[in-house]
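Asker: Residue numbers (my numbering), protein chains in the order written: chain D, 1 to 315; chain S, 1 to 375.
No lab work stands behind these hints: they were computed from the structure.
Covered stretches of chain S (in silico footprint by chain D; criterion: 3 or more residues with CB under 8 Å from a CB of chain D, positions within the stretch not fixed):
| hint | stretch |
| --- | --- |
| 1 | 42–53 |
| 2 | 88–100 |
| 3 | 170–184 |
No residue lacks a Cβ here, since even glycine has one placed at the ideal position from N, Cα and C.
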Amino acid sequence: MKVVVTGVGVTLPRASSAQSLLTAVARTAEPVNPETRVGKKGLRYKDRATQLGYCAADAALRDAGLLSETGLAVADNSVGVVASSNLGNVDTVTGALDTIAAETTMGTSPMQLPNASSNVIATSVAIRFGLRGPNLMVCNGATSGLDAVYWAANMISAGRVTRVLVLGVEPDNEPVRKLLGGRRAIDGAVGLVLEDADAAAERGARVHAEVGRYTRAGGVRKCVDQLSDMDGGVPALLQLPETGGAVVPPEILDGVPRYDLAKAWGVASGALGVMQCAATIGWFEGRGAGPVYVLAGSDDDDATAGLVLQRAEVR
Amino acid sequence: MSWYITGSGAVASVGRGVEQLFTNLCLGQTGLAPLRGFDPEPYRARSAYEIDDRPEPGRDVPGRATSVLVEAITEAARGAGIEDLTDVPILVGTGLRELRSLELWWRDGVDFSADRLHFGTALRERLGAEITYTFSNACSASLYALAMGSDLLALDAADTVIVAGVDVLTESMHGLLERVHATPPDRVRPFDRNRTGVLMGDGAAAIVLRRHPGPRTQGLLRSVSVNCDAYHVTAPDPAGIANAMRASHELAGVKPEDIDLVLLHGTGTLLNDEAEATAMAEVFGEHSGGPLMTAIKSMTGHTSGASGLMNLVVGLESLGSGVVPPVVGLSDPVDEAADFRFVLGEAATADVSVAQLNAFGFGGINAVAIVEAVR
Chain D
1 MKVVVTGVGV TLPRASSAQS LLTAVARTAE PVNPETRVGK KGLRYKDRAT QLGYCAADAA
61 LRDAGLLSET GLAVADNSVG VVASSNLGNV DTVTGALDTI AAETTMGTSP MQLPNASSNV
121 IATSVAIRFG LRGPNLMVCN GATSGLDAVY WAANMISAGR VTRVLVLGVE PDNEPVRKLL
181 GGRRAIDGAV GLVLEDADAA AERGARVHAE VGRYTRAGGV RKCVDQLSDM DGGVPALLQL
241 PETGGAVVPP EILDGVPRYD LAKAWGVASG ALGVMQCAAT IGWFEGRGAG PVYVLAGSDD
301 DDATAGLVLQ RAEVR
Chain S
1 MSWYITGSGA VASVGRGVEQ LFTNLCLGQT GLAPLRGFDP EPYRARSAYE IDDRPEPGRD
61 VPGRATSVLV EAITEAARGA GIEDLTDVPI LVGTGLRELR SLELWWRDGV DFSADRLHFG
121 TALRERLGAE ITYTFSNACS ASLYALAMGS DLLALDAADT VIVAGVDVLT ESMHGLLERV
181 HATPPDRVRP FDRNRTGVLM GDGAAAIVLR RHPGPRTQGL LRSVSVNCDA YHVTAPDPAG
241 IANAMRASHE LAGVKPEDID LVLLHGTGTL LNDEAEATAM AEVFGEHSGG PLMTAIKSMT
301 GHTSGASGLM NLVVGLESLG SGVVPPVVGL SDPVDEAADF RFVLGEAATA DVSVAQLNAF
361 GFGGINAVAI VEAVR
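Using the sequences and the hints given, assemble the complete structure.
Answerer: This is the structure:
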């Protein structure tokens with residue numbers, strides 16, 4: 001079964017389109033204000049990560065033609081959600097701890113309970129948009145965003161659901177900055193809609209890209225070797241993993257142009273893989289051709305995940 | 001579908017290792033005790049079902065979730081005769097990841113880094129595993145992981161998969177859960193009219209799922225269905241739960257009357273038990289008095305992300321031995337569950353072949369699995 005990308009949504013301080021992920025250069029920008037993107041309604045009591053997730057979800061679903069002013073254009077149980085974030089509810093957990101220590105549990109707000117559960121992004125998005133398909137939160141470290149794309153594709157291939165909204169979200173706040181040793185997370189979200197190719201064709205959806213093979217292995221070299229074996233080709237572009245300063249050795253896919261998204265955008269963590277896929281779509285839109293190998297997780301991490309994206313065939 | 005379950009492992013407050021855990025559950029033993037790992041002073045609820053593994057009482061240490069997870073995975077892999085885990089996908093379902101370690105870092109300054117929030121870093125170091133996934137899907141996490149694992153077999157992406165679940169208490173979740181209870185719960189009493197709510201428990205469980213039978217096949221996984229209510233961030237919706245049950249029956253090709261045993265989610269909260277009983281009664285209809293029913297959270301506490309797989313591990317033991325642990329603390333069932341054949345008082349002995357396992361999580365994420373005995 002072929003799985004394609006039919007929607008993309010970008011919610012970052014300096015970018016709101018797939019192509020701008022590759023071109024935006026300004027170093028300072030105002031933080032995203034969710035109220036201006038999706039309206040005030042329903043944002044109260046939601047943590048920053050969930051609010052950012054709402055924005056990217058709204059944009060991706062609209063781009064896919066699944067959402068209009070009258071609501072969802074397809075059956076609610078035909079849409080699943082897979083969200084990825086590592087740092088999403090760090091603020092709620094540390095905040096609750098401080099409040100309990102200072103004022104006992106009676107000082108906490110009952111409205112914080114759902115935010116203490118790490119899957120609050122995925123389920124809140126499902127509730128807001130009425131998406132009743134499988135709902136999964138991936139919190140898997142450096143590879144998490146790319147893993148989320150993979151699990152979404154698997155859900156579709158296994159026949160569990162027709163289309164899946166994939167989200168990568170990381171918020172910037174004080175406890176997150178402390179955990180990252182003073183560095184800032186992207187404070188944004190990126191969304192994709194993955195869809196069964198036949199279903200996409202049936203409703204006349206525009207196809208941004210085709211999802212190819214995926215692997216996860218211990219180390220960049222092993223991952224790339226496995227991906228090359230499975231894919232059987234040479235990529236036209238390599239999307240590099242976020243590293244702690246380590247460099248992916250130049251002899252790996254020597255000569256293939258490389259793009260380092262994390263270098264331009266700050267700590268992307270669990271959002272990276274989804275961002276990389278969106279940036280790849282931007283690259284295809286800018287007339288880039290040929291398969292793109294997307295890598296997340298460096299040799300400093302527990303593993304590297306790799307995914308192949310192809311430019312959509314013209315039908 | 002039919003996948004072979006060829007190994008299992010579990011750790012909980014009531015027992016370490018599947019054998020000890022199952023024996024103690026059948027004896028009706030509970031792991032309830034005063035809070036072991038943090039200062040009880042700021043809390044009204046001062047008991048939980050914790051694993052007694054701290055180096056000294058009252059002093060918490062980081063990495064406990066990781067350590068019981070590794071213990072359960074190791075037991076399951078050993079049982080299945082698997083030595084090299086490098087290329088075996090390990091899917092971990094959890095509600096709270098290593099958030100307890102994050103808490104100790106934030107407040108006490110213990111050593112911790114972001115790459116320890118998920119379990120992959122430790123599973124690589126300790127077990128050499130490279131294909132690992134941490135799914136944080138609240139209280140249905142491990143059955144969601146089971147669904148994703150079974151898809152890997154269905155899609156020919158693997159021949160062997162390890163699925164696990166784990167959670168240990170965090171202060172933030174213990175505290176916020178307590179906050180929403182009118183009366184602080186003193187124990188978990190699933191489906192009892194006088195239940196006061198839920199208390200958390202520590203636990204980890206793991207199974208080995210294979211395309212082919214192993215040296216010791218413990219059961220067959222026939223289906224796992226997953227969905228989302230898209231209704232409320234904490235309250236369950238009986239309609240969504242009922243849909244998940246019907247889907248699991250359809251996938252497995254069974255009818256309600258074919259099911260001999262149900263291991264209920266049964267958290268002891270006012271909302272869950274009512275919604276779960278309503279959905280069960282609706283789906284099982286005239287057969288709702290048919291299967292034996294039990295709720296092991298009455299003894300393990302709510303092991304959150306581990307609880308679905310904990311039900312699976314216990315259910316497999318029941319299918320194999322014909323012994324079903326009782327629901328402790330249940331004396332006056334709620335109206336919605338009036339017809340149910342709960343195992344009460346002491347363990348029941350029965351010939352059971354097909355079991356249903358329920359797990360529901362915050363945000364209305366439902367997962368229901370069907371397993372079958374191997375004769």
